[in-house]
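Full structure from sequences and hints, please.
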Amino acid sequence: MMISYFDPDDHVLVEKLCLEKYKFSHGDVVMFRSPSNYKEKYIKRLVALPGDIVNIPRSFDRVKIPEGHCWVEGDNSDCSCDSRSYGAIPLGLLQGRATHVVWPPWRISEVEKKVSQGRLLHY
Amino acid sequence: MSGLRFRFLQFPWKTITKDAFDGTMTVAKFLLVFHVSDTYICTPTVTYGASMLPTINSTGDLLLADRLSARFGRIRRGDIIIARSPENPRKIVTKRVMGMEGDQVTFLVDPGNINSCKSVTVPKGHVWIQGDNTYVSNDSRKYGAIPYGLIEGKAFFRVWPLENFGSLSPGSHP
Numbered sequence: 001m002m003i004s005y006f007d008p009d010d011h012v013l014v015e016k017l018c019l020e021k022y023k024f025s026h027g028d029v030v031m032f033r034s035p036s037n038y039k040e041k042y043i044k045r046l047v048a049l050p051g052d053i054v055n056i057p058r059s060f061d062r063v064k065i066p067e068g069h070c071w072v073e074g075d076n077s078d079c080s081c082d083s084r085s086y087g088a089i090p091l092g093l094l095q096g097r098a099t100h101v102v103w104p105p106w107r108i109s110e111v112e113k114k115v116s117q118g119r120l121l122h123y
Numbered sequence: 001m002s003g004l005r006f007r008f009l010q011f012p013w014k015t016i017t018k019d020a021f022d023g024t025m026t027v028a029k030f031l032l033v034f035h036v037s038d039t040y041i042c043t044p045t046v047t048y049g050a051s052m053l054p055t056i057n058s059t060g061d062l063l064l065a066d067r068l069s070a071r072f073g074r075i076r077r078g079d080i081i082i083a084r085s086p087e088n089p090r091k092i093v094t095k096r097v098m099g100m101e102g103d104q105v106t107f108l109v110d111p112g113n114i115n116s117c118k119s120v121t122v123p124k125g126h127v128w129i130q131g132d133n134t135y136v137s138n139d140s141r142k143y144g145a146i147p148y149g150l151i152e153g154k155a156f157f158r159v160w161p162l163e164n165f166g167s168l169s170p171g172s173h174p
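Line by line, the protein sequences give chains A and B. Quick note: the first sequence uses full-length UniProt numbering, first residue 1, plus one each step. Quick note: the second sequence uses full-length UniProt numbering, first residue 1, plus one each step.
Be aware that one or more of the hints could be misleading.
Claimed, not checked - The calculated lysine-lysine pairs, modelled on DSS-like cross-linking and capped at a C-alpha distance of 30 angstroms, are:
#	chain 1	residue 1	chain 2	residue 2
1	B	91	A	16
2	A	21	B	91
3	A	41	A	16
The hints are simulated quantities; they were obtained by calculation from the structure and are not laboratory data.
See the structure below:
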């Protein structure tokens with residue numbers, strides 16, 4: 001869940017043009033099918049792309065993202081079913097990128113890209 | 001001069017505009033029906049590569065893949081499916097499903113060595129795919145079971161080449 005960013009009952013606009021070339025950037029909010037149940041779709045933030053090395057929070061482990069995969073995490077770090085529980089997910093499971101909140105009317109806004117510092121290792 | 005103006009006014013502008021509009025609408029309707037059926041019902045797909053010999057030729061066959069089976073969870077062991085590769089989401093691979101979630105799959109890590117056996121349980125929501133030509137196929141034996149969500153369709157019919165026109169027989173190929 002992305003409690004700190006979206007409210008429950010927010011309706012978002014998800015664009016699928018990015019699926020043409022699977023061109024995503026760090027910090028995008030993406031929608032994807034769950035790897036353990038293809039019928040469920042989740043919305044999380046894209047933290048790492050193929051080839052990146054990501055620090056796992058509250059642990060000294062690091063994971064290198066294999067080719068064709070990505071690391072997704074919810075903004076709310078405490079309870080979130082994301083890559084911290086099932087690992088890097090194949091990019092083929094992504095269904096689109098959330099660009100705007102469109103309902104309710106007082107929440108209409110653009111979805112911001114947020115890249116948290118210190119999650120990725122750079123050499 | 002007045003003859004030219006007369007001919008200009010006599011020109012059937014209204015009928016031409018109407019015909020052009022109707023023609024455009026017909027093309028637009030056709031494209032819409034084609035797009036919807038291609039995305040949600042049935043799609044043609046060209047295969048290449050030798051990983052599914054002898055079932056599918058290495059020189060490129062034209063198959064029909066239905067999209068409804070994958071959407072409604074009706075993929076079974078032995079089906080030939082088209083799926084997005086977990087190594088590259090822009091690549092579509094054609095393989096056979098050899099294990100559903102919960103199944104115990106036993107395979108040879110090295111196809112030439114009968115002693116290199118390995119057993120794996122397919123996790124929840126995943127399927128184990130293998131090419132019929134185990135010597136050259138890059139499949140779950142290398143990258144593990146793939147999430148069911150990567151499956152794009154089930155190949156059920158071969159259109160080209162004409163000598164092999166007909167439905168692809170289901171059933172587990174050993």
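Index of numbered hints that the structure contradicts, given in increasing order: none
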